[in-house]
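Enquirer: Protein chains in written order, with our numbering: chain B, 1 to 259; chain E, 1001 to 1272; chain Z, 2001 to 2308.
Don't read these hints as lab results, they were simulated from the structure.
Quick reminder that beta carbons are idealized off the backbone N, C-alpha and C, glycines included.
It is possible that part of the hints are untrue.
[Claimed, not checked] Derived list of chain B stretches under chain Z, where covered just means 3 residues or more per stretch with a C-beta under 8 Å from a C-beta of chain Z: (1) 68-77; (2) 89-98; (3) 101-109.
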Amino acid sequence: MIQFSHVSKIYPNGTVALKDVTLEIQQGEFVAIIGLSGAGKSTLIKLINKMTDVTEGSLIVNKSDVRRLQGAELRRFRRRIGIVFQSFNLINRTSVINNVLAARVADMNFFSTLLGLYSRDDKLLALESLDNVGILEKAYSRADQLSGGQQQRVALARTLAQKPSIILADEPVASLDPITANQIMKDFKRINVDHNITVIANMHHVDMALKYANRVIGINKGEIVFDGPSSQVNEDLLKKIYGREITDEDIMFKKTLGE
Amino acid sequence: MKPAILEMYDKRPRTLVRNTILFVLMAVILVWSWETMDYGGINENGAVVARNILDALIRPNEAWLFNFTATGTSIPLLMLETVAIGFLGTILGAILALPFAFLSARNIVGPVMSNVGNTIISIIRTFPIFILGLMFIRVTGPGPLAGVLTIGIASIGMISKLYVEIIEDIDKGILLALDATGATRFQKIRYGIIPQLTANFISTAIYRFEINVRNATILGLVGAGGIGFTLIAALGAYRWKDAAAALWGIIVVVLVIEIISTKIRSKLVSGE
Amino acid sequence: MNEKQKKRSTGDSESERLKRPRPVKAFLDRLAARNLAHRTTTLSNGATIVRPFSWSLTNSLIILVIFLFFWDMIVGAYFDKYDFMIFVRRIPNFLNILQKMWTEFDWSYFDFVVDPMVDTIQMALLGTAIGAVFSLPVAFLASANIVKSKIVSGVVKTILSFVRTFPTLVYAAILAFIFGYGTLIGVLATAIFTFGILTKMLFEVIETLDLSSFVAIEATGASKGKAFITSVIPQIMGSFLSFTLYSIEINIRSSAILGYVGAGGVGIMLDENMNWRRYGNIGVILVVLFVSVLIIENISRYLRKKLS
Ligand SMILES: Nc1ncnc2c1ncn2[C@@H]1O[C@H](COP(=O)(O)OP(=O)(O)O)[C@@H](O)[C@H]1O
Ligand SMILES: [Mg+2]
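Make a model of the complete structure from these sequences and hints.
Expert: Following this line, the structure appears as structure tokens:
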């Protein structure tokens, strides 16, 4: 469970990225966060695994007080939280399976890490994760030779190899074409349902958010302006979240929707 | 566990054996090299000398270091001569390298000639700098002119090798277009290639200039000019403060040249 | 059939050519890329502009003035003292030596060359290995994007610049007074030199690296050290090996003269034979040196291809 209460985030340069955020996310939810660019979506996600620090308020994730975590304790906490980035963040010049196995080094000793000695169990887990996202046969290819969609699947498999309870995703499909984006979102959905893993995804495109998430959180200028089931989202609400009319740009499937 | 996963697991590349063999091979070579190392013996004297040298570096012979006149030993003038040797040598080498490079570039003369050319370049590179120095001294007598000629010939190898790489990287489209117009080989070089190459060539020469100035600091050892003779003579006579003055001269000049050269080079190569 | 074969063979040589290790070129390209990024500005409307650089007339004039100054200083001064005809008449001296290397060439000298040549190669290999081992961790410390403190990376870079100012021979000459004559000083001098150039080449690579994967692995709960090993090392391993192999090639050539200051190896014999004007022996040494370098270069090229 994730509990924000009265959380604010002010960056060192004075930018107020989040203002008095209070929300609760239960285990197994699929939450989409929508809002304009600069609204504070990425900041909200980064707070959860402490890639950036809370300025005010309290944040409890999996019963840990995130503000207090540091050092070894923080690293242990992070092992159960996967994160997927818009730009995939894979290791270039390295095989797909080694990219996935990289998620296991947190649990390994320094010597094995140095020599890249992964256990049989870890390798099987990595392959299983790849199978889970449908690219098992690419295990021994080089990661940077895959297509964008395949690379994002590798990134997703990497988080799965962490055996996470939460997966955070920062605009995971924003740099993909609509068809591929749809497939990746289906992967997220399946993982969410099959393994009861909480998924929190920042979405640039409204239609994708509504299609896959059970719950939508709308942010405008650092404040939560909507929090409810996807079914309740309508034109008026979107106008409130975006502070303007919805345009083609906000919808990924604009063209294909007309079919 | 799904059979497909186990099957994939069995297909994993076995690198452990190969890596272990490579590692052991490397270790054996290095241990064997180490075993045969010999040295004069690190005695107490060595430690004293080390301290004396460090002391001298903190307090070098300032009379030499800041003497800007031609009377007596002047580190600035010796370094100026060293830089001059490096500079003129680089220009000589950069020009002499041109024919070698064009006659060794695969995309211009074809594979057979290219191999011949590359072999000639390798032969020239084999001549150690001191051998060339002594050979030129038989022509000019001792002094910096021998140094210039030495540096010039000694840099042909690396410069032409880098030139060749640049030439082989040029945009083939232009050459094809010139072929279509029935251009001669000379015209192909003059109008299709040279414009693409100039900046990269100059950049290469400047890169080699840095190395050449460093090399020019040791030519004095065989009498081919520069600061090297002063340095080695001072070391040989245990005059640490004098040697330290020469070392500081080298440090300052080489550092300044490296800074300037890096600036110019990166501007040049990316300026197009 | 014949034509087909021809086609295939040229295709092979083409791909061969592309795979050839080019560490210096790669290094220069990276510098250039960095500068290009530096001079590229993105306008508010999203367009990018690159400030141009041109080799101006002023630059050419500056070079010309420096050239004339140096020319007068060395070449001018020389011909003030000596007659030009004397110089011309002595040119054959140079060619004579070359000719004698050939005509007086005597294979029986080969037996004397083998051991010193092995010493020379060992000095180069060991020195390169030691320098390379130290260069990796220090390159990290010198990389501004990894050590977040500009002061640390700046200080390390400055020290490295100092290390790089001396050629291997100067280090050997100084070390000879501390450790005595022998191959050890050759190894140490080579190690110091290699460390200097390799570290520089490496941090140039690291500083242009995409560190996003590092961030991602740190986010899985791995420590900074483990994240380095898993995400940064694989990305620089290719460059590291290629630069190291390139250093071996440089170092074999430079260790061939280290004997002049007492570091052992083939240099002592070059010195002796030049003094005694036994040019045939010099010829034998040069052939052995040529073949050794050729072998090492080819092994190096093969290894790099294998590793990539
Ligand atoms: N590291 C940072 N330092 C200072 N300001 C930041 C930093 N990261 C983000 N911001 C600012 O915080 C606000 C929210 O940013 P972000 O969370 O990235 O928004 P979003 O992901 O919704 O586009 C923006 O105004 C942004 O400029
Ligand atoms: Mg964002």
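Enquirer: So, for every hint listed, does it hold in this structure?
Expert: The hints, checked one at a time:
| no. | hint | result |
| --- | --- | --- |
| 1 | 68-77 | holds (count 4) |
| 2 | 89-98 | holds (count 7) |
| 3 | 101-109 | holds (count 5) |
The structure agrees with every numbered hint stated previously.
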